[in-house]
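Chemist: Here are the chains, one letter per residue:
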Amino acid sequence: METTWLVALGLMLTGWSVLDGANLGLGMSLRRIGRSGPERRLLLTALGPFLLGGEVWLVASAGLLIGAFPALEKDLLTAYYPLIVGLVIAWVLRDIGVWFRSRRPSRSWQGGWESVVVAASTVMAFAWGLLLGNIVQGVPTTGRPGVETLVGPYSLLWGAVVVAVFTLHGAVFAALRLPRGRRVRAAGTVRKAGTAALALLAAVGVLTPAFSVDLARPLPAAIMGVAAVVAVTLTLRLFERGREGWACACTAVAAAAPLLAAGLASAPRLRAGLASADSLDLLATVVFPAIPVLIAVQAWMWWTFRHRVGPRSAVFF
Amino acid sequence: MDVLELSRLQFASTAIFHFLFVVLTLGLAPVVAFFQTRWAISGKEVHERLTRYWGQLYVVNYAMGIVVGLAMEFQFGLHWSGLMTFAGDVFGAPLATETLVAFFLESTFLGMWIFGWHRLNRWVHTALIWLVVLTAYLSAYWVMVANGFLQDPVGHVVEDGVARIDDVGALLTNQQAIGALLHIVPVCLLTASVVMLGICSWHFLRGTPDVDFFRRSLRVAVVMGAVAAVFAVGFGFAQFAYLTDEKTQVIDGGHWVSFAWPLMEISGTLYMMIFSGLLFFLIMNGFDRARPAWLRRFWHRFYVWTLPWPFVVVACGWLIREVGRQPWVVYGELTTADAVSAHSAGTVLTSLVLFGVLFATLAVLDWWLIARLARRGPHDLALGSDGVSVDEPELVLAGRD
Ligand code: HDD
Ligand code: HEM
Ligand code: HEM
Chain F
0 METTWLVALG LMLTGWSVLD GANLGLGMSL RRIGRSGPER RLLLTALGPF
50 LLGGEVWLVA SAGLLIGAFP ALEKDLLTAY YPLIVGLVIA WVLRDIGVWF
100 RSRRPSRSWQ GGWESVVVAA STVMAFAWGL LLGNIVQGVP TTGRPGVETL
150 VGPYSLLWGA VVVAVFTLHG AVFAALRLPR GRRVRAAGTV RKAGTAALAL
200 LAAVGVLTPA FSVDLARPLP AAIMGVAAVV AVTLTLRLFE RGREGWACAC
250 TAVAAAAPLL AAGLASAPRL RAGLASADSL DLLATVVFPA IPVLIAVQAW
300 MWWTFRHRVG PRSAVFF
Chain P
0 MDVLELSRLQ FASTAIFHFL FVVLTLGLAP VVAFFQTRWA ISGKEVHERL
50 TRYWGQLYVV NYAMGIVVGL AMEFQFGLHW SGLMTFAGDV FGAPLATETL
100 VAFFLESTFL GMWIFGWHRL NRWVHTALIW LVVLTAYLSA YWVMVANGFL
150 QDPVGHVVED GVARIDDVGA LLTNQQAIGA LLHIVPVCLL TASVVMLGIC
200 SWHFLRGTPD VDFFRRSLRV AVVMGAVAAV FAVGFGFAQF AYLTDEKTQV
250 IDGGHWVSFA WPLMEISGTL YMMIFSGLLF FLIMNGFDRA RPAWLRRFWH
300 RFYVWTLPWP FVVVACGWLI REVGRQPWVV YGELTTADAV SAHSAGTVLT
350 SLVLFGVLFA TLAVLDWWLI ARLARRGPHD LALGSDGVSV DEPELVLAGR
400 D
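So the sequences go chain by chain: F and P. The first sequence: position 258 = 257 (numbering that gives the first Met the number 0), numbered continuously. The second sequence: position 149 = 148 (numbering that gives the first Met the number 0), numbered continuously.
For the record, the hints were derived by calculation from the structure and aren't laboratory data. On a predicted model such as this, the values are computed, not experimentally measured, just so you know. Check each hint, because a few of them may be wrong.
What the hints assert, rightly or not - Computed beta-carbon distance windows for the label pairs: (1) Pro307(P) to Ala202(F): 52 to 62 Å; (2) Pro104(F) to Ala336(P): 44 to 54 Å; (3) Leu155(F) to Gly168(P): 47 to 57 Å.
Idealized CB from N, CA, C, for every residue including glycine.
Bound-form chain F, shown alone:
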């Protein structure tokens, strides 16, 4: 039963990494892939239908954390207070940037919010990586870890990894959603982000033993690391051949890998934060029947908006 709850939480967070990871990655490259104002609006139109449906996975994860893991939520939010505050502020700014950018015709208004989207998406992804890097090093039961851990070199490395894989994922997603003629715009970003991701993943592989980080369960984490490397390599190949759909499936694996690695490596610690049995039983009657419905509704959404943006697309952001 305990494992089931961890799997549910893992599912929610994986959903977020894959779906909002693409939104964040696209946001980070908004000004690089989109060269002009109208082109950036095209990118935001491509992102549009998926913004709410993507971020809601993290909202749901936080809800599940409060309901099923109240003690863990308390420990995490106490220990990583500055990271969480930074993450939430970046999240707020990313959303607002996307919503506000096209509400006025003024160039400086639009350019300003585009920069906000780029910066906030990057900070949010980076803060998420920092958080994972910290969790891997052990969640304290009381108080906060020192600055040397919170933003130490090893944690910073995780931040960089997440930024790189999300950028890659977002660029491939953009290529998949943009009209055919414009997809090439994303190619440069895909190549650079892919190379950076490979280098950074290799660095984590080398430095985890070098920093003698004590993983509770190193093997599954290592497997996820290898899976990420394979996925990124395949992505670069597939993208070259114009197989964006398959490339995006590969980047989805890469986007989820850091979370899964951190989660699997620290599973015993996370499980210690579960709620009492009666609360869980009650929650189970709601959560487990709900999950298939949530997935079905999301699948309907992806199906509805599976086409590239075209003349019939509604424009709002």
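Assemble the complex: chain F is given as a structure, and chain P with the ligands must be docked to it using the hints.
Modeler: For chain P with the ligands alone, coordinates are given in the frame of chain F:
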């Protein structure tokens, strides 16, 4: 100020900011759904414009509701770890349920609604906005179950200093949750009516060419406001049946939030009178004939200038409810002082300033954008457009380039 006061201030300001947007979201959503249903049936252009015009105000307001809601969700873990330890097992369940079965669906449906124009079948598209309404009210219910537990902790037992659920039914039918919700729902509808009334009046004052459009909007606002005001006042007084002694004392005067009570009581009564008067004129079809022009202008100006008032009253109501619960977080069981996390005051002050400045700035911008869209009238609508507009004539959308 110490950590306790700073944490309370942060929670209070975040919650009030959140509710200022949510109250309009909840109130406008059914109006938009109503207009869209009429459009789906009649296929008339004016119904489409009504849907898109009020829909875009709704959607831009929604954006801020979401982002402040995000900050709300993390408040408990960030600052109230004692509450999570003591009552996390009980009130975490309704909050989790809310995010999973209400917010999750609401957000997904809303995204599909905003981007589903021209793509989805009109009945499916109409059904989507009704689903958004349904899930929005469902989330309000679940939040109020969590909040009601803090006001009157029912349905639980305390073992080893930790509360556990032992009667789900009592938790879900807590009168502090149901009673408050019955007051909140008409309050939301009333707020939306006042906002619509103000916007329509502004356009009448300017001699709008879209008289038919704003007359239709006004009719809906007046009928909805008249009904909502009666229920808001009725269910407001009904809450006296179970107010705690502390809150009765706050209402009787002498406490620093006592000022909030007369504001709420007087405003409720006035809104009831104003809307029933308007309803009378509406039924007599006497908006124009019965009153001289100067009187009409006076009332139009009045509606425009008092448009923000319900938001002030809403904040007052929450101050009574939440400050009136002090010094308890969970009434009679856990004090605020025992619930607060052990951060340094500097840490909490920093995040308070960061969030405060951020939300204040964004809220002002959001209201300004809403006002801009409202003033532009039912032309060149942003929602459901294909992107080619007066604002951005140069937009090259896919396929058109
Ligand atoms: C436009 C907004 C508005 C208006 C006109 C009124 N209220 Fe209200 N009131 C609210 C908006 C509100 C609210 C913000 O929505 C509250 C806060 C918490 C809640 O449940 O609703 C609230 C709370 C609230 C409470 C506190 C409940 C508690 O502490 O548990 C009482 C006793 C009343 N109201 C009573 C009234 C009465 C008798 C009214 C009319 C004569 C009235 N309200 C008009
Ligand atoms: C959106 C609607 C809400 C508003 C406007 C609101 C308002 C407030 C206010 C004004 C305070 C400060 C009280 C003080 O300074 O003494 C407060 C505190 C608090 N509220 Fe609410 N509240 C809302 C919803 C909720 C809900 C749904 C919950 C619980 C699930 C909740 C839990 C708390 C807690 C834990 C505190 C801090 C402890 C305290 O000072 O009492 N609030 N809220
Ligand atoms: C303290 C408790 C609260 C928390 C933790 C909270 C959290 C949130 C979150 C995370 C969102 C964004 C969800 C999304 O992405 O769609 C949201 C939006 C929303 N909340 Fe709250 N909220 C609280 C209080 C309230 C109250 C008291 C009400 C109503 C009575 C309410 C009604 C809504 C509604 C209808 C939305 C949809 C967005 C909008 O209306 O702007 N919430 N809330």
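Chemist: Does each hint hold? Answer for all of them.
Modeler: Tested hints:
1. Pro307(P) to Ala202(F): 52 to 62 Å: holds, 54 Å
2. Pro104(F) to Ala336(P): 44 to 54 Å: For Pro104(F) and Ala336(P) the Cβ distance comes to about 52 Å; the hint holds.
3. Leu155(F) to Gly168(P): 47 to 57 Å: holds, 51 Å
When the structure is compared with the earlier hints, no violation turns up for any of them.
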